[in-house]
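Protein sequences appear in the order of chains P, X, G and Z.
For the first sequence, my numbering assigns the number 1 to the initial residue and increments by one for each residue that follows.
For the second sequence, my numbering assigns the number 1001 to the initial residue and increments by one for each residue that follows.
For the third sequence, my numbering assigns the number 2001 to the initial residue and increments by one for each residue that follows.
For the fourth sequence, my numbering assigns the number 3001 to the initial residue and increments by one for each residue that follows.
One or more hints might be untrue.
So, partial list: chain P residues that the calculated Cβ filter (under 8 Å) puts toward chain Z [unchecked claim]:
| hint | residue |
| --- | --- |
| 1 | Ala-64 |
| 2 | Lys-225 |
| 3 | Pro-241 |
| 4 | Asp-304 |
| 5 | Ser-391 |
When the alpha-carbon atoms are kept at most 25 Å apart in a straight line, the in silico DSS-like pairs for lysine-lysine are as follows [what the hints assert, rightly or not]:
| hint | chain 1 | residue 1 | chain 2 | residue 2 |
| --- | --- | --- | --- | --- |
| 6 | G | Lys-2406 | Z | Lys-3225 |
| 7 | P | Lys-66 | Z | Lys-3243 |
| 8 | P | Lys-66 | Z | Lys-3149 |
| 9 | P | Lys-243 | Z | Lys-3066 |
The set of hints was computed from the structure by calculation and includes no laboratory data.
A virtual CB, placed ideally from N, CA and C, is assigned to each residue, including glycine.
Number of protein chains: 4
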Amino acid sequence: AWEELFPSIGRIQYEGPDSDTPLAFHYYNAEEVVHGKPMREWLRFSMAYWHTIRADGSDPFGAATKRWPWEQHPAGDDVELAFRRMRAFFELLDKLGVDFWCFHDRDIAPELPTLADTNAALDQVVALAKELQAASGKRVLWGTAQLFKHPRYMHGAATSPNATVFAHAAAQVKKAMEATKELGGENFVFWGGREGYQTLLNTDLALEQHNLARFLRMAADYKRKLGLPGPLLLEPKPQEPAKHQYDFDVSTTAAFLLRHGLDKDFKLNIECNHATLAGHSCYHELETAAMLGLLGSIDANSGDPQTGWDTDQFPTDIRETTLMMLTVLRQGGLAPGGLNFDAKLRRESTAIEDLVLAHISGMDAMARGLRNAARLLEDGVLERMRAQRYSSWRDTQLGRDITAGKVGLEDLERVALAQPEPFDSLPSGQQELYEIQLSRYVR
Amino acid sequence: AWEELFPSIGRIQYEGPDSDTPLAFHYYNAEEVVHGKPMREWLRFSMAYWHTIRADGSDPFGAATKRWPWEQHPAGDDVELAFRRMRAFFELLDKLGVDFWCFHDRDIAPELPTLADTNAALDQVVALAKELQAASGKRVLWGTAQLFKHPRYMHGAATSPNATVFAHAAAQVKKAMEATKELGGENFVFWGGREGYQTLLNTDLALEQHNLARFLRMAADYKRKLGLPGPLLLEPKPQEPAKHQYDFDVSTTAAFLLRHGLDKDFKLNIECNHATLAGHSCYHELETAAMLGLLGSIDANSGDPQTGWDTDQFPTDIRETTLMMLTVLRQGGLAPGGLNFDAKLRRESTAIEDLVLAHISGMDAMARGLRNAARLLEDGVLERMRAQRYSSWRDTQLGRDITAGKVGLEDLERVALAQPEPFDSLPSGQQELYEIQLSRYVR
Amino acid sequence: AWEELFPSIGRIQYEGPDSDTPLAFHYYNAEEVVHGKPMREWLRFSMAYWHTIRADGSDPFGAATKRWPWEQHPAGDDVELAFRRMRAFFELLDKLGVDFWCFHDRDIAPELPTLADTNAALDQVVALAKELQAASGKRVLWGTAQLFKHPRYMHGAATSPNATVFAHAAAQVKKAMEATKELGGENFVFWGGREGYQTLLNTDLALEQHNLARFLRMAADYKRKLGLPGPLLLEPKPQEPAKHQYDFDVSTTAAFLLRHGLDKDFKLNIECNHATLAGHSCYHELETAAMLGLLGSIDANSGDPQTGWDTDQFPTDIRETTLMMLTVLRQGGLAPGGLNFDAKLRRESTAIEDLVLAHISGMDAMARGLRNAARLLEDGVLERMRAQRYSSWRDTQLGRDITAGKVGLEDLERVALAQPEPFDSLPSGQQELYEIQLSRYVR
Amino acid sequence: AWEELFPSIGRIQYEGPDSDTPLAFHYYNAEEVVHGKPMREWLRFSMAYWHTIRADGSDPFGAATKRWPWEQHPAGDDVELAFRRMRAFFELLDKLGVDFWCFHDRDIAPELPTLADTNAALDQVVALAKELQAASGKRVLWGTAQLFKHPRYMHGAATSPNATVFAHAAAQVKKAMEATKELGGENFVFWGGREGYQTLLNTDLALEQHNLARFLRMAADYKRKLGLPGPLLLEPKPQEPAKHQYDFDVSTTAAFLLRHGLDKDFKLNIECNHATLAGHSCYHELETAAMLGLLGSIDANSGDPQTGWDTDQFPTDIRETTLMMLTVLRQGGLAPGGLNFDAKLRRESTAIEDLVLAHISGMDAMARGLRNAARLLEDGVLERMRAQRYSSWRDTQLGRDITAGKVGLEDLERVALAQPEPFDSLPSGQQELYEIQLSRYVR
């Protein structure tokens, strides 16, 4: 039987914004109804197995710093250690009141010398996770296959110059989809950390991208056969570890899906830190994906504005989380997607309390954002201002004719020659007023 | 009759790499055959009217610095001044041996109080340019409409929240297409400097992008009616002056074209400085566009690696120009596109010789690139190494089955379970050797 | 007599955070005592003449968009127009309740064909400003000489390769210091927009930097002679318009001051947007300057995280303003410096109300920051955590010996050989908890 | 006795630029006299032990990829493995004809459970290295202490909030200096990867920087006592692994040295990739350091222009290496410093030939730069143009008076009032001509 690993930490409670207790929620109140639904249903929080359980604090210049209690076990049996980790993870899910979790196949179970053995080990760990889910009511938000860590994938997985590597990756995705299905997972994610190039000099762009499309098409076919319910999701990132990743950002990924006829089978999982590394705000990427009908799920994290790599920090900027939740509320929610904390402790944060505090900081920040966005939408200030700004497209014959496709350049030239200078009646863009209105709601 | 404005400058001649004369070509020898065609046919150099004639050296912190001789004329008649500028431009085209030129409508002729007057002035200047073309054999590479400078376009042209602004822009495009046709122009370009947003808060992304698509569809219809021969070209740029421009980069623009069914009518004009501002190498953008069948023309310039805005410098990095010409040679040339020097003098370069030297520096750099790329392709070193790298897709049954779409995840799982660890026979990526090979040809 | 230019706008009042009126202060309540002083004394708000009165909305790709009422006057007399602008400015200062203002010599009075005439025009405008100050109680926070706009400064002012340009710049600084003195200005600023290089190839770094030091030494001598009371301030910026500006950031400027023995005469004016362009947070630059004893004044603005140039937006990020005010409160205030809004309207904001709203947005944001920082300091949470973190330097013999300079490497080797592994007792860095604590105060 | 590990690779020979053999030098001809000295004396190449021997191809998203022959040994004895690595390293030094090497203490010998044991292991490995040096004539360019990898240094070494960590770091530096001395090392380097902060919120900037100064002062004292001949060198880097490193760039480090009176004891080791990460060109950092008298040694590598982290690639850009060698030639050489290849193979380059090719690519690139820079200096084109540009400081009375400190603002105002507008006679900056001249020499 499992012994509680963190007896000093109890179940985290909502205490309201004025509480001085750090180990409490100040904004996230799971059952409170905001904008017509309980907060937990809007937010659909998910914990990332890889960061929470497996991140050891090492970085390119430094060794591991974490000495988590679940790692302290007699050496030898890797599946036993995997069990221990899984139990620790469920203890954290429970204490934090997080409803969902996400995993890579290789996070939860070891890679063994043969694929058959590895698959068998995965089956054992999945069986335990299924039990723990049944006991706790926790659910998988999404699963994914880790196609970037093993050196066989150094030149790419679906985009490897080597066909046997492609086959290995395909086998791994099949098994990871089955594991996700077994655990009732609602989505399945592809992040192509090695699907890109280190130098264009040695790269056949066209072949690699066609192969990636072939790979994804096979996955979509198998998804249907397997009966996995939710959408498949691609996760854009501009680079790192690749010098250039093919799924650079939302628009690049949309181009790829459209070109290869994959836009019916795939949506996107947007990560905020990836957005900023690609030169966009997170809000830009979310709004763009929503406009394209591709917003499936969110990796809620944030980067450091001064660093050029993926820091995977918990989201704490309330203005940003307010904007994120604006997009989510406007599209009526994320389900079957959710908000996965693809975020980790700083290397120097070595106490188990830090792990709990970090999740609290992210959950509270997203909850503040939800409360702010809900008030903003309900008051309707921004929406009204914006509707007014575009009124000529709705309220004038010219606007309606253009959007209805009834006119061409020649018609419009006649209009333009007859009209006075449009600048003379052009309203201000009022950016400062929009920012004041937003700022008033960011609390 | 026109009096020569720069009598001190003669026609620039090819003198070879060892000449010490700065006012000579050291690498560009127009009629010399390289890789089966004269250099002038591969390179199709074009001079940009706006930078060469109209850039006055002002910047956001400083006043004009140029005192060009063509601007010294009795005040009053703007069309007269436009004539004077056009004659100076043709003198420069002639002395530099540049075959093509590019223009915005508002570069070559003044914007007057009414659109009708403005159009009439444009007609007069176009008539002169046509005469000068006939006398000199120079040709228009592309024309475009300036939809970013006038304050009426401050919120966008095709993406304005205001329908009358859209109409004005449409009228301007119609007229600019007619001017391009009249001058025998081979392509027509759209650069949407204001087609984007300053803040998402006041922006209706979906409406604006649909309107942009409507606008481009009208232009494509009118192009066919007018009988303009070459393709329409979109020119991606990530931002500046907009905070975000919708045509961010090649992939973003491809997504837009595919989504709106415009990919048959439009290709791209790739600018190197825009590529680097978007977080890509110029070579990446060129190769991506070529792969997508969208590489129409090139704005040959370069940016400063340490600055975050568009410096529009002449290309002088020979490694970069070698890679650019590799893409061009591989796709068999750019025609009807070409290499337009969307590049300007530094603000502090105030002598007329600087204008000539700057173009020499760019033409020689592209010519060195052409010579290097031709030798590289003819020797075939990189192509052979790359073909070898991907041989498993061609030479193994597994590779052929995958690319033929004959197998799915289940088949590949069987293959993977049966095969030994692929890493054990995975060749090196050999990036350093590829770089040595390239470096040997960069001379 | 002056006629009110903006009769529709009254004096802006404090209405509290729940007011729905945009043209009101929601957080800035000038006389309210916060942390022992009225808010106006902590904040010492200043309006920038150049942005508020002179910015016309033009950008590198676009013409002017503003049609301010003060510019609508019969053509001809530039000094008359300068008077009109100055009166408009004081009306704005008054209506917004801003106590200070800042100016460049060439903002407030025209540059005429000779220096003597230009100086005379400046005298006239300064005389009017002095009258308006006397009537309103407004004060100059700092003056400065505009040594970047005129083409004579294109290669630099104090760092020009040309000695007569240096002399001209020196004359201009002398006169601008006199104007500042005449207006009771409390500080004098140097921003070296052209003191840097466009290319190192044509630059003599050592000579240019020595000349800059000579120039500043002359200014310091003349300041003493003139009896200008406050400090001279350098304003760091990494680049733009220069490719590289010598006063790159706080540390670079500190190195320059120390090397040339100027650190007694000069402090710094830190601009937030310049900080982020240099790859630092604004808080980093403020804390670094404060640590070095060089924090003189602040240009309170902010940049866009996705753009690579100076956008000079009003500060609206409350987390950032909270941190800024933390530094200010910790050093006991900024006087004789202050918070100057070196910030401008977006190009598309063309209504006079926008100008007022923009200043309200900045003033309220800084006031929210002040309120947050005061509560944070008074509760002492961060300060206590930090003191605890460094306690070994205060509470152990080893820490005291090291900081007292009593030990060397040999002594410390003996200590290290004798002690157990320090990692085993090393506390967590607790970054997430620090961020939670800050976040709780950001309201 | 040692058995050759790479029998397939012979000693790399100079074959000239037209050779097709990749495993040969095409430009580096060690004994050839260029600009008055043999190439080997100008270039003073050094191989980095950490990258060459210890880099295993792992990255933040991936496991090790290298299977170097020297790592294949019976498990158990770490010092035995260290011996094996050292012998392999000397074989590479020999085959590549590299004269110098650099190391961290923990690269060459293992970290054992106690400092005493670790020191003893280091002594053993140093003894072997000394033997190998004696046999081969190879020399240490510099040694350094690895104060960033072990978790005890996670909060900093000299800037740790914990005094016992400071003591441990001091002991490690003492021992590493002794090892460097024992091996006849010519310099000793400090790179402070953890001397900075992850968040300012938990950081006492002033205390940390004073402690860093104390630490360096102790090292300088011990250096004198020990009789280490060459200078101590600080190596600037802006960030990574720290969010902000105190030795951000050349100027920041210079400010630190000046402020703490350390500028007599320390010079700088400039790394090109660190320069570009700090927002500077490598040439800028080298020229700035040279101007300040602080250029001690160079880490010759380069970064990827599109990535925001330290890629540590071998230098291959000939324009860049030409500029680097210009600085080196102008200051008469780098000795006792040199050109250390702080550069590593790409993760995907897994063959031992890649390691040799990579060094050849860097050595040839630096040699091409040397040849180019020598011709450029000997022809004197750039130097003459630049001398002319600044002639007014030498050739006019005004220029001489200013640089001699004979005049003040009042004198210069008199000059300025009397002189005509300086812009009217201001020469062009001629950047394009300078670039043409440089380009002609980049071959």
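Under the constraints set out in the numbered hints, which ones does this structure not fulfil? When the structure is compared with the hints, numbers 2, 5 turn out to be violated.
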